[in-house]
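Since the structure of chain A is already known, use the hints to place chain B on it.
Protein chains: 2
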Amino acid sequence: MPSGGAEHRSEQLSLLAGLCHENLIAPEMDDLISTLENSTFTDDPLREEAVNIRETRRLRERAVRVPKSLVEDLARVSSLSTESWKEARQNNQFTSFQPWLEKVIHLRQQYADCLIASNSRYDALIDEYEPGQNTATLTDLLVPMGESLTELLHSINSSSHKPDSSILSNTFPIDAQRDFGMHAAKTIGFRFEHGRLDVTTHPFCSGIGPGDVRITTRYQLNDFADSFMSILHEAGHGIYEQNLPKEHYGTPCGLATSYGIHESQSRLWENFVGRSLSFWTYFFPQAKAAFPEALRNVTLDVFHFSLNAVAPSLIRTDADEVTYNLHILLRFELEKQLIGGSLSAADLPEAWNEHHQQLLGLTPLDDRSGCLQDIHWSGGSFGYFPSYSLGNIYAAQFFEQAEKDLGNLDTLFSEGNFTPLKEWLTRNIHSLGQRFRADQLVERVTGSPLDYHPLVNHLHSKFSRLYHL
Amino acid sequence: MPSGGAEHRSEQLSLLAGLCHENLIAPEMDDLISTLENSTFTDDPLREEAVNIRETRRLRERAVRVPKSLVEDLARVSSLSTESWKEARQNNQFTSFQPWLEKVIHLRQQYADCLIASNSRYDALIDEYEPGQNTATLTDLLVPMGESLTELLHSINSSSHKPDSSILSNTFPIDAQRDFGMHAAKTIGFRFEHGRLDVTTHPFCSGIGPGDVRITTRYQLNDFADSFMSILHEAGHGIYEQNLPKEHYGTPCGLATSYGIHESQSRLWENFVGRSLSFWTYFFPQAKAAFPEALRNVTLDVFHFSLNAVAPSLIRTDADEVTYNLHILLRFELEKQLIGGSLSAADLPEAWNEHHQQLLGLTPLDDRSGCLQDIHWSGGSFGYFPSYSLGNIYAAQFFEQAEKDLGNLDTLFSEGNFTPLKEWLTRNIHSLGQRFRADQLVERVTGSPLDYHPLVNHLHSKFSRLYHL
Numbered sequence: 024m025p026s027g028g029a030e031h032r033s034e035q036l037s038l039l040a041g042l043c044h045e046n047l048i049a050p051e052m053d054d055l056i057s058t059l060e061n062s063t064f065t066d067d068p069l070r071e072e073a074v075n076i077r078e079t080r081r082l083r084e085r086a087v088r089v090p091k092s093l094v095e096d097l098a099r100v101s102s103l104s105t106e107s108w109k110e111a112r113q114n115n116q117f118t119s120f121q122p123w124l125e126k127v128i129h130l131r132q133q134y135a136d137c138l139i140a141s142n143s144r145y146d147a148l149i150d151e152y153e154p155g156q157n158t159a160t161l162t163d164l165l166v167p168m169g170e171s172l173t174e175l176l177h178s179i180n181s182s183s184h185k186p187d188s189s190i191l192s193n194t195f196p197i198d199a200q201r202d203f204g205m206h207a208a209k210t211i212g213f214r215f216e217h218g219r220l221d222v223t224t225h226p227f228c229s230g231i232g233p234g235d236v237r238i239t240t241r242y243q244l245n246d247f248a249d250s251f252m253s254i255l256h257e258a259g260h261g262i263y264e265q266n267l268p269k270e271h272y273g274t275p276c277g278l279a280t281s282y283g284i285h286e287s288q289s290r291l292w293e294n295f296v297g298r299s300l301s302f303w304t305y306f307f308p309q310a311k312a313a314f315p316e317a318l319r320n321v322t323l324d325v326f327h328f329s330l331n332a333v334a335p336s337l338i339r340t341d342a343d344e345v346t347y348n349l350h351i352l353l354r355f356e357l358e359k360q361l362i363g364g365s366l367s368a369a370d371l372p373e374a375w376n377e378h379h380q381q382l383l384g385l386t387p388l389d390d391r392s393g394c395l396q397d398i399h400w401s402g403g404s405f406g407y408f409p410s411y412s413l414g415n416i417y418a419a420q421f422f423e424q425a426e427k428d429l430g431n432l433d434t435l436f437s438e439g440n441f442t443p444l445k446e447w448l449t450r451n452i453h454s455l456g457q458r459f460r461a462d463q464l465v466e467r468v469t470g471s472p473l474d475y476h477p478l479v480n481h482l483h484s485k486f487s488r489l490y491h492l
Numbered sequence: 024m025p026s027g028g029a030e031h032r033s034e035q036l037s038l039l040a041g042l043c044h045e046n047l048i049a050p051e052m053d054d055l056i057s058t059l060e061n062s063t064f065t066d067d068p069l070r071e072e073a074v075n076i077r078e079t080r081r082l083r084e085r086a087v088r089v090p091k092s093l094v095e096d097l098a099r100v101s102s103l104s105t106e107s108w109k110e111a112r113q114n115n116q117f118t119s120f121q122p123w124l125e126k127v128i129h130l131r132q133q134y135a136d137c138l139i140a141s142n143s144r145y146d147a148l149i150d151e152y153e154p155g156q157n158t159a160t161l162t163d164l165l166v167p168m169g170e171s172l173t174e175l176l177h178s179i180n181s182s183s184h185k186p187d188s189s190i191l192s193n194t195f196p197i198d199a200q201r202d203f204g205m206h207a208a209k210t211i212g213f214r215f216e217h218g219r220l221d222v223t224t225h226p227f228c229s230g231i232g233p234g235d236v237r238i239t240t241r242y243q244l245n246d247f248a249d250s251f252m253s254i255l256h257e258a259g260h261g262i263y264e265q266n267l268p269k270e271h272y273g274t275p276c277g278l279a280t281s282y283g284i285h286e287s288q289s290r291l292w293e294n295f296v297g298r299s300l301s302f303w304t305y306f307f308p309q310a311k312a313a314f315p316e317a318l319r320n321v322t323l324d325v326f327h328f329s330l331n332a333v334a335p336s337l338i339r340t341d342a343d344e345v346t347y348n349l350h351i352l353l354r355f356e357l358e359k360q361l362i363g364g365s366l367s368a369a370d371l372p373e374a375w376n377e378h379h380q381q382l383l384g385l386t387p388l389d390d391r392s393g394c395l396q397d398i399h400w401s402g403g404s405f406g407y408f409p410s411y412s413l414g415n416i417y418a419a420q421f422f423e424q425a426e427k428d429l430g431n432l433d434t435l436f437s438e439g440n441f442t443p444l445k446e447w448l449t450r451n452i453h454s455l456g457q458r459f460r461a462d463q464l465v466e467r468v469t470g471s472p473l474d475y476h477p478l479v480n481h482l483h484s485k486f487s488r489l490y491h492l
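Heads up: the sequence lines are chains A and B, in that order.
Under the working numbering, the first sequence has 411 at position 388, and the numbering climbs by one with no breaks.
Under the working numbering, the second sequence has 299 at position 276, and the numbering climbs by one with no breaks.
Calculated from the structure, these hints are not laboratory results.
Take these hints with a grain of salt, some might be off.
Copies of the same chain look alike in the list, so a pair counts if it works inside one copy or between any two.
To be verified - Listed next, the in silico SDA-like pairs over lysine to any residue satisfying Cα-Cα at most 25 Å (straight line):
id	residue 1	residue 2
1	126	43
2	126	442
3	109	205
4	109	230
5	311	163
6	91	243
7	269	30
8	209	29
9	209	222
10	109	216
11	91	242
12	209	433
13	269	29
14	109	217
15	109	237
Extracted from the complex, chain A is given alone in its bound form (with noise of 0.2 Å):
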């Protein structure tokens, strides 16, 4: 959007929101609700209109604490905010952001004390993204989690064996990356017949609707692993998108579990698989074929290990596997006081500093690099950091029942099959919409419940081999 549509966009935003909110809090809504609800339908909770009923009186639970000018202001400030951030990280300038960070705060926590019944302002706006969860059990999950990964980076930091990163930063014409990522999405099963892949700024994936799902990525010359496996991890949210029941498009039942399952599914796809020797043993020759200057003289084990190096950094979204939940932390721990109100708005890059170096060994350069680089915040995200974690963690959960269903899925992904992945993805996750809440989900399919522990021993056995701990 070119930047003298933002205002609006933002007016266009907030009426539809208020209509939506209006539409919800209807007392007519409450009266078909309740009717529903006394009926024959909910007999069986796992019915399909069960469920139906019983979100969107969940829905409406929570909207009718919410009065719709403050669901209409929230909609407004946070469009407006979003291109004040916008300005601010191009400028590297927090002090024009600040204002409107402290007024996106301040609406969410107004919107926060609407919904409190016992617990903490942050529980409730958890609750929005990872329905049931709560900062203690994430504090519970979280915090001892980065603890075995800083263990495990200690580790790989000391290993004299590293790989050759500056292979991925040849030169890979733009054509032949759009191509092949295309190549590489249709391989792993998203459909380009309902869906298309596009260029912005920051890769995202979008629903439009049953049959359209769009992706993005960005390009750059000297960078592949950058476009390549945000295609990949654009093209698992796209798989999960196009895989809902189409027939239930517009209700709960044709829509994802919450924020976390959806990324399980992007990062299940670019983690698990994309980053792994097996589906490298398929597409390395491939990617001979479409970068014979940039791959010339490269072998597979050294590309494989490339794409898989370990090092802390600045920037959430270059992250690696293994330092990624460490970042994940730190805006878990700063929004929590942020939206509790210990932390002001003036004083988060400091803090962000601090945390920063105590989390990573490293101190960013300036607020571009450290509290302005993520989007979320501007629009008023706060409790939707932990979704990436939890992200990561059911994917490890996921992958390690679906190789117990399935078997050696390694075999599969060499040979470039990714079908009965897919299919085990789409007939135990996909095909479900919100029948379950995602803990219940996470039980149901892998049969234990929510656990860091499948992610961080997948993670310490995958480098163990790589930098030869």
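Same frame as chain A, but now just chain B:
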């Protein structure tokens, strides 16, 4: 949009069309408009409020005659029919599209029947695109103009002085085409902070809202004119949209006058400016710098002549300034018969080919280069094509008047100064929204009623010079 998204989009469009229709025909709306009609707001008919009241009444009067189900059917079927047309055009298979065309014609006939007071179905449809116009006036305009242009075409064909159009098929790197096109669009007055230029199969301009106007083009390595002239054309539309009064957004005072007036803006910048010698006096040195290989040893005069090559062709959008209106005359005659009922969809291909041979001395090779070439009819836009010729005619009248008011425009253009013309157009046309109907606007701005002679005179004088007639 990926093909899989068509069905969902057609449902969405149908829903929105129905909702808008319902609001417009609601009895409360009648009451509200009546109250305003009897208020002091309408004392001065040119007062903004009076204009908004008048135009909203006109829209409502049309809408109440049409049942909501027909509005929804039209939206749904048009959207699906366009998908069928895309496929039929690609496969060059008219028969697969024919049943959809029949459906669309039938729905448009029903729609026209709802609106008819005394005149023909086709009149009722024309009035939607160009309020106040009708078949008789258009016939009196387009037929004699067609005769003049045919005569001019014959003289041009007999001239031994011919342009070397092959220059434009040299190799023009696409990045340079985009940069040069954006530079030209910016120079004539398209504001990129309030708009974007993107790539699509068929160029278009879409006003998303104040401050956000999107134009598109397409690039081919060996065709400079196609992308560049499309950019100027769409930028002309875009400049109109960008200069509508923002404070009236969403009301008639903030909307373009008519399709014909919109087209006058695109054609004015594309042809009267963009194909003039003075425009290229300024831009050609920059073009040589942007395309050093393709334009090596090419002089300004040779380049300018090649951009103005006249030759009968099969495809409307490729047509030169002289033959373009003959393509429109063909469509005008045929759609009059299709809507009137004297020509069936099944007989369209043959009728098209016959008329084409008669008017332009060529018979299409196939339906893809014949009756399947344009998107319009697939979407139910019957009565739209005459707006293109009206646009050319209005453009000539406006341009002639602008020269009278501003002095020699060529002197300004050759210095790269397009601001006085842009500001003249904004003052006299853009800023007025729907204050005046198209025919009133032309008379008000130029002092003359709608008249094709300025266009024919312009073409005669320009091409006599170029072709040494």
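Structure-based check of all given hints:
1. Taking the shortest alpha-carbon separations for residue 126 and residue 43, only the intra-copy value of 23 Å comes in at or below 25 Å, while the best inter-copy value is 35 Å.
2. With identical chains, the CA atoms of residue 126 and residue 442 are never at most 25 Å apart, being 47 Å at best within one copy and 41 Å at best between copies.
3. When the C-alpha separation of residue 109 and residue 205 is checked against a cutoff of 25 Å, the pair qualifies only between copies, where the shortest distance is 23 Å, while the shortest distance within a copy is 29 Å.
4. Within a single copy, residue 109 and residue 230 get their C-alpha atoms as close as 24 Å, and across copies as close as 23 Å, so both meet the 25 Å cut-off.
5. Within a single copy, residue 311 and residue 163 get their C-alpha atoms no closer than 44 Å, and across copies no closer than 66 Å, so neither meets the 25 Å cut-off.
6. For the identical chains of this complex, residue 91 and residue 243 are neighbours neither inside a copy (44 Å) nor across copies (50 Å), given an alpha-carbon limit of 25 Å.
7. Taking the closest pair of Cα atoms, residue 269 and residue 30 come within 25 Å of each other only across two copies (12 Å); inside a single copy the shortest separation is 34 Å, beyond that limit.
8. In the homo-oligomer, the alpha carbons of residue 209 and residue 29 lie at most 25 Å apart only across protomers (20 Å), although the nearest pairing inside one protomer, at 34 Å, exceeds that limit.
9. Proximity of residue 209 to residue 222 under the C-alpha cut-off of 25 Å is found in both arrangements, the shortest distances being 17 Å within a copy and 23 Å between copies.
10. In the homo-oligomer, the alpha carbons of residue 109 and residue 216 lie at most 25 Å apart only across protomers (14 Å), although the nearest pairing inside one protomer, at 33 Å, exceeds that limit.
11. For the homomeric pair residue 91 and residue 242, neither the shortest alpha-carbon distance inside one copy (41 Å) nor that between copies (47 Å) is at most 25 Å.
12. When the C-alpha separation of residue 209 and residue 433 is checked against a cutoff of 25 Å, the pair qualifies only within one copy, where the shortest distance is 19 Å, while the shortest distance between copies is 54 Å.
13. For a Cα distance limit of 25 Å, the shortest separation of residue 269 from residue 29 across copies, 14 Å, qualifies, whereas the shortest one inside one copy, 32 Å, does not.
14. Taking CA atoms no more than 25 Å apart as the test, residue 109 paired with residue 217 passes between copies only; the shortest distance there is 16 Å, against 31 Å inside one copy.
15. Taking identical chains as interchangeable, the C-alpha atoms of residue 109 and residue 237 lie at most 25 Å apart whether they share a chain (22 Å) or sit on different chains (20 Å).
Figure legend: structure checked against the earlier numbered hints; hints not met, in rising order: 2, 5, 6 and 11.
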